[in-house]
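Chemist: Each chain, written out:
There are 8 protein chains.
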Amino acid sequence: MLLAPRSKFLLIGDSVTDAERTRPVGEGLFNAYGKGYVANVEALLSATIPDHAIRVVNMGCGGHTVLDLKKRWQTDVLDLKPDWLSIAIGINDVWRQFDMPLITEAAVALETYAATLEELVVQTKPTLKGLILMTPYLIEPIKTDLMRARMDQYGAVVRDLAAKHGAVFVDLQAAFDDALTNRHSSSLAWDRIHPNAAGHMVIARALLKAIGYQW
Amino acid sequence: MLLAPRSKFLLIGDSVTDAERTRPVGEGLFNAYGKGYVANVEALLSATIPDHAIRVVNMGCGGHTVLDLKKRWQTDVLDLKPDWLSIAIGINDVWRQFDMPLITEAAVALETYAATLEELVVQTKPTLKGLILMTPYLIEPIKTDLMRARMDQYGAVVRDLAAKHGAVFVDLQAAFDDALTNRHSSSLAWDRIHPNAAGHMVIARALLKAIGYQW
Amino acid sequence: MLLAPRSKFLLIGDSVTDAERTRPVGEGLFNAYGKGYVANVEALLSATIPDHAIRVVNMGCGGHTVLDLKKRWQTDVLDLKPDWLSIAIGINDVWRQFDMPLITEAAVALETYAATLEELVVQTKPTLKGLILMTPYLIEPIKTDLMRARMDQYGAVVRDLAAKHGAVFVDLQAAFDDALTNRHSSSLAWDRIHPNAAGHMVIARALLKAIGYQW
Amino acid sequence: MLLAPRSKFLLIGDSVTDAERTRPVGEGLFNAYGKGYVANVEALLSATIPDHAIRVVNMGCGGHTVLDLKKRWQTDVLDLKPDWLSIAIGINDVWRQFDMPLITEAAVALETYAATLEELVVQTKPTLKGLILMTPYLIEPIKTDLMRARMDQYGAVVRDLAAKHGAVFVDLQAAFDDALTNRHSSSLAWDRIHPNAAGHMVIARALLKAIGYQW
Amino acid sequence: MLLAPRSKFLLIGDSVTDAERTRPVGEGLFNAYGKGYVANVEALLSATIPDHAIRVVNMGCGGHTVLDLKKRWQTDVLDLKPDWLSIAIGINDVWRQFDMPLITEAAVALETYAATLEELVVQTKPTLKGLILMTPYLIEPIKTDLMRARMDQYGAVVRDLAAKHGAVFVDLQAAFDDALTNRHSSSLAWDRIHPNAAGHMVIARALLKAIGYQW
Amino acid sequence: MLLAPRSKFLLIGDSVTDAERTRPVGEGLFNAYGKGYVANVEALLSATIPDHAIRVVNMGCGGHTVLDLKKRWQTDVLDLKPDWLSIAIGINDVWRQFDMPLITEAAVALETYAATLEELVVQTKPTLKGLILMTPYLIEPIKTDLMRARMDQYGAVVRDLAAKHGAVFVDLQAAFDDALTNRHSSSLAWDRIHPNAAGHMVIARALLKAIGYQW
Amino acid sequence: MLLAPRSKFLLIGDSVTDAERTRPVGEGLFNAYGKGYVANVEALLSATIPDHAIRVVNMGCGGHTVLDLKKRWQTDVLDLKPDWLSIAIGINDVWRQFDMPLITEAAVALETYAATLEELVVQTKPTLKGLILMTPYLIEPIKTDLMRARMDQYGAVVRDLAAKHGAVFVDLQAAFDDALTNRHSSSLAWDRIHPNAAGHMVIARALLKAIGYQW
Amino acid sequence: MLLAPRSKFLLIGDSVTDAERTRPVGEGLFNAYGKGYVANVEALLSATIPDHAIRVVNMGCGGHTVLDLKKRWQTDVLDLKPDWLSIAIGINDVWRQFDMPLITEAAVALETYAATLEELVVQTKPTLKGLILMTPYLIEPIKTDLMRARMDQYGAVVRDLAAKHGAVFVDLQAAFDDALTNRHSSSLAWDRIHPNAAGHMVIARALLKAIGYQW
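Protein chains in written order, with numbering that gives the first Met the number 0: chain A, 0 to 214; chain B, 0 to 214; chain C, 0 to 214; chain D, 0 to 214; chain E, 0 to 214; chain F, 0 to 214; chain G, 0 to 214; chain H, 0 to 214.
The set of hints was computed from the structure by calculation and includes no laboratory data.
Keep in mind that a hint or two might mislead.
As the list claims (entries may be wrong) - With a straight-line Cα cutoff of 27 Å, these simulated BS3-like cross-link-like pairs (lysine-lysine) come out:
hint: 1; chain 1: D; residue 1: 208; chain 2: E; residue 2: 208
hint: 2; chain 1: E; residue 1: 208; chain 2: D; residue 2: 34
hint: 3; chain 1: B; residue 1: 34; chain 2: C; residue 2: 34
hint: 4; chain 1: C; residue 1: 34; chain 2: B; residue 2: 208
hint: 5; chain 1: F; residue 1: 70; chain 2: F; residue 2: 163
hint: 6; chain 1: F; residue 1: 34; chain 2: H; residue 2: 34
hint: 7; chain 1: D; residue 1: 7; chain 2: D; residue 2: 124
hint: 8; chain 1: C; residue 1: 208; chain 2: C; residue 2: 142
hint: 9; chain 1: A; residue 1: 70; chain 2: C; residue 2: 80
hint: 10; chain 1: A; residue 1: 34; chain 2: G; residue 2: 208
Construct all of the structure, not just a fragment, from the sequences and the given hints.
Modeler: See the structure below:
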């Protein structure tokens, strides 16, 4: 597995990452890791390879865009000194363009998204042993859906940044596209964004496979 | 307007109709009509043509299919002796085929849907001054979406029954398709089913236009 | 319609405007516009002319008088840079004279009301593309009722200010008087102030008609 | 005082009487008498003439009409064997004609009201040492208000029944008309029906004066 | 009545005065005066002599001693500029000596009580049109009860201060002693301090009689 | 200790015994024994002589008199087949005579109390290995208090029945009288009935001493 | 995998299985499968092999012993016609012997446990395509712990029954023993019974491995 | 008894001491002492030797380690000027090493524990009349349990510090070992740390015996 034993693994993102984690720092006893894919990752690592002693920290915040991440980057990422960092951001950057189209300041344009995310990557990469970038997604197989098409543009930004900066790339959109082969999106998420338990496991598995975890 | 003055107008359906109406009968003081299109219809009629004295009754129930309607038809429709009746059912009949595909008994197949709905129409039409049949819908403009395609089949059943039995036909799917010309579905309903306030107004207007109401 | 496409339309007032809107700013997802006439206005605009892209913002606050509005004018109106502004204030200015007659500092005298409202109008008009002034009201057709008589004096101030400063004038008292032709006040509001759903629709329609909206 | 020492005094009525009394029987410790005029009556009798040992029982029920009283008369009046009985009913019988005019079965027509109330009086008077009949009221001094005018008709029924059957008559409408000499209705009750503390004291005093209580 | 028309009448004290009044100032709509004797006083004045326009303000605070009163005297009495002031304090000063005898700093010794209360009287009397001093009490007729005996000492301080400074004196202990002639203390207050509705009426009547109020 | 190892010890009574025990049967995990003297007894026995394996069952019910105990005797005592039984009843039988003197059916007269308690004793004694009778009490040292005097009469009944039927007698009144030597009743119970933690320990110790328990 | 595609897989047990599942039947939308190992199993199957269409049903009930299972076997197992059944019972049968040793009827003796479990197996096996028996466990590696030793006896019964009746055997105790190699029990469950997320994953993996599931 | 009459006895510690005590200072009316051993100690002292007038103050805080105690030592111990002080700390210092082994900063290493505790003792001892040091514990009789073994090391520190600084030593681990002779740990605490009522009594008795209290 890419993560060396005793790594501190911090995962940051939006509500999909958050999933009711504990504040101010999402680690410890009693569902501190939330109810989503971070909890799955922590439970799988802790249950199957406890000797690796991977320390998981969930720093997701519901509703956040990349601009919100930037505001709390110092306290919520740098100060916590992770060895590995996973960033999963962009869904709200896009979604607000579609669900509140008139409130334009709530969304984040593609250029701003790309520049801000790269700024965070450049700032943080040197402090890390490893960086994981996960794409935003819409759990919708029809690529002509306007929001799916836009999300794919943001996902391409993530793919390019991962390649440019040597980060591990996790294509969550592809993982969900694959999961949708035999099912309708509503069986994974009514709103095509917030996954049910099965949907969170899709994310967890994509992430874990990308870092070479074996069950 | 089609409804004669002093008509009693009962609207039955699923959660879209229900919208937190009062139990056991959805009429009276204090949000008795719920928070959805039925409340809009009642407020518009009451605010603008109070002299018509149209009495509105909301008998929607969240989660119901046409089979659930049949079980409560005597107490919730016939016993209340409406002059006009609106039926908006079918969303759950279809949705359960997609969000819980393995629990097959939770959904209603097309033939059962058609037969049961017609049975209710035939039983009730003679007691009414007017009947309105509204199609189920998915707030999704892409007709190749599997659930949209299926929903259209159920909507076609409603269209045929309306024509066959002389009911007023309200094509809610068409109303939403029209509303989606300049916007994404997520601005009307995150889950493409439960409308926000604007989405409920789309339904209310489609219904009111069909019965000849003028603002 | 008077409002040009893509206008930002801010509505300020008391509890009738507020109606449980979101804080600090009443716009966005999930009933952010409250449950009253502002929500009706937003739903009607959004449902029927989404291409006009009118952005609605609800800044009502329960219990407020014109003096309370003045205190929060900078943050709650000017800073939000609306194109159009609707002001509906005065009910509490009058009501406190009658429901708590001994606590004289809680009410606002006619002269203070007139001077303060004009001050806000003069300060704000130049920054706007359009201004709407709505009268306070008592849902009571008998004009000899002491509070109704007093409310009419405050309404006259609004009428005069609208004429003097070229604002769109909405006579809510007249709208309710009209609505009361065939009904008792208690069918619109038990306390003759806080409307039920039908009463809020009366307000919404009066406002929308004044700005040339067509259903 | 008319009530002999050690009398059991039961008061029945609607929400004005109820005022959050204890169920099933409104007497005993801890606000069992509610928060309205019955509690005032009990407190005044208990505080000032405890040696008279008047036992007070509150059997009001919110929303009730005279038809609702009839349904629970056996258990809630006769079975409790009061010495004195006060009946204050009729507000909802009238109100529903005005606040829900289309739901006609919710109100009670004048003839039905008169006949039912007389039936209860005739049935019960022989078992009592004294009967008190209180008029329904609207806290509104303008007698041309439609609901006030209708309420006065119901009050006249009470007056006539009291005279015919030798009951103590308490004209609550007159008591409130008197209280409104120097004030607006909104200082006693926003909805002109449910009194605040001062309004409940108006009722309590009218009742106590009628039975010859001296402070 | 001693209070001239349009007097502002402020009542300060402990939990018996407080009785769940509104914060920060106990006056206005919706039970602002609490559920105790202050509410009774306000309701009686408002219901029977509204033309006197006596404005009542409840500034009681549960658990307070005279030292607590002193700390909030500026904001809670002087700043509110009452015409008449009623002070009812001392119960907790004594009670803490008996229910928490080891936590000696929680109680107030007799000398401190006397000096502090006189300090407040001297400071405030010149600003008032009238001052009322009410004794602390224990609803217990047996004067050899240790707490009753101690309470009587504090009551004597109040009596002396009233005489010395020309205040209206209300002997609440005497009022309760009188009320206990035909009953046990438990019918007025289980803990002999916090009165039920009848007990609060005993206080209200004693106070109102002392200022010459006629029912 | 009187109770043989492995005895099942059931304690029945009113709110003092109940103390928020679990329903339907007060034994088991998680505060099942309530927060009063029964919990103390259970904790002391369990902590110090677990090898005796005394099984404690709390069957107290708040507000109960001896007549209420009789109604549930079969299910709440006999069916549970205790080896030892403690009965602590009578407080409400007396209290209701003083706190609600007019509601005479709520209290239990001395003769009824004596007869009913004896009936329960006679019925149950043969099924038991040991019976404990505890007196009702008022935490009040002044024996001329009317309620204390009455309570002493009921306590005397218990004493006589214990002597007559060979039951262990626990004089709770005496225990509290002793505890009041150096303190006021308010430091053990504000209402002189419901003890605080120290007061419950007084009861527990009196009971345990009577059965020969050594700490 | 042992389970054929489209199998209905019912899991019954105690609180570890239950984990806040939906009532009356634990399947469907919105966390219907609870928060424990059943949810993990469902999520893993649904996320990774949706084409197998395994239908999972959680029928665990907190606190239950094998005797409780027997009482609800008809409605909760047989009537639901599962293809595969997993039984995980015995923890409470043993635990009650240690945490409430005096309440002997709350626990289930080894012989009763063995006989009852076998009765259920014999009755149900013929209706199934496959049966899984999971051992009870204590997350405690020291086998001389009295409760661990007893639990091992119950686990041996399960092992024997599995062998005798051809059921798939899942040794949860062994799975936890393995998981405890590098950690203390408190990192998996404070009370050594109710697992945290990692502990539930231990169970899920043991079960899935036993049926040949590949991640 | 070691504590002289009128001593102020402060007990500080973690959640076992805290037990839902009142904030900011754990003394006074209404369960201010919490629900644990401190409440037992207070109740026993207050019930049996009230003339000693021992004033008990509970300053426990859930989750605290010795480092947390140090942070609040000035306000929570020194400022309160106790005569006697009991310190029961160390459980969380150890537990965090086992239940969250990766979050190493949450636990306190043995050397830090010893040095910090001694620092507090040295700082405080001169201000006290007496100091009590209680060991941390695990309610687990098997000394090879890793956490028990570690806890014993911390307990040895306490023992040594008590001997070195002349403090009263209370070996809670020994008290629980003794209590476990005839029972399993689960009958005293499911998680082997937080005692039930019997377990708290074990602590209370050990403490009281150490200071020479006689029941």
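Chemist: With the threshold set at 27 Å, check whether the alpha-carbon distance from residue 208 of chain C to residue 142 of chain C stays at or below it.
Modeler: It holds: about 25 Å lies between the C-alpha atoms, which stays within 27 Å.
Chemist: Could you grab the alpha-carbon distance between residue 34 of chain F and residue 34 of chain H and see if it respects the 27 Å cut-off?
Modeler: holds, 9 Å
Chemist: For a C-alpha distance cap of 27 Å, please report whether residue 34 of chain B and residue 34 of chain C respect it.
Modeler: holds, 9 Å
Chemist: Holds or violated: residue 34 of chain C with residue 208 of chain B, Cα cutoff 27 Å?
Modeler: holds, 24 Å
Chemist: Sort out whether residue 80 of chain C lies within 27 Å of residue 70 of chain A, counting only the CA atoms.
Modeler: It holds: about 25 Å lies between the C-alpha atoms, which stays within 27 Å.
Chemist: Please verify whether residue 34 of chain A and residue 208 of chain G have alpha carbons no more than 27 Å apart.
Modeler: holds, 24 Å
Chemist: Holds or violated: residue 208 of chain D and residue 208 of chain E, Cα atoms, limit 27 Å.
Modeler: It holds: about 19 Å lies between the C-alpha atoms, which stays within 27 Å.
Chemist: Going straight from one Cα to the other, do residue 70 of chain F and residue 163 of chain F come out at no more than 27 Å?
Modeler: holds, 24 Å
Chemist: Given the hint that residue 7 of chain D pairs with residue 124 of chain D, does the C-alpha gap stay at or below 27 Å?
Modeler: It holds: about 15 Å lies between the C-alpha atoms, which stays within 27 Å.
Chemist: Hey, residue 208 of chain E versus residue 34 of chain D, does the alpha-carbon distance stay inside 27 Å?
Modeler: Holds, at roughly 24 Å.
Checked against the numbered hints listed earlier, the structure breaks none of them; every hint is satisfied.
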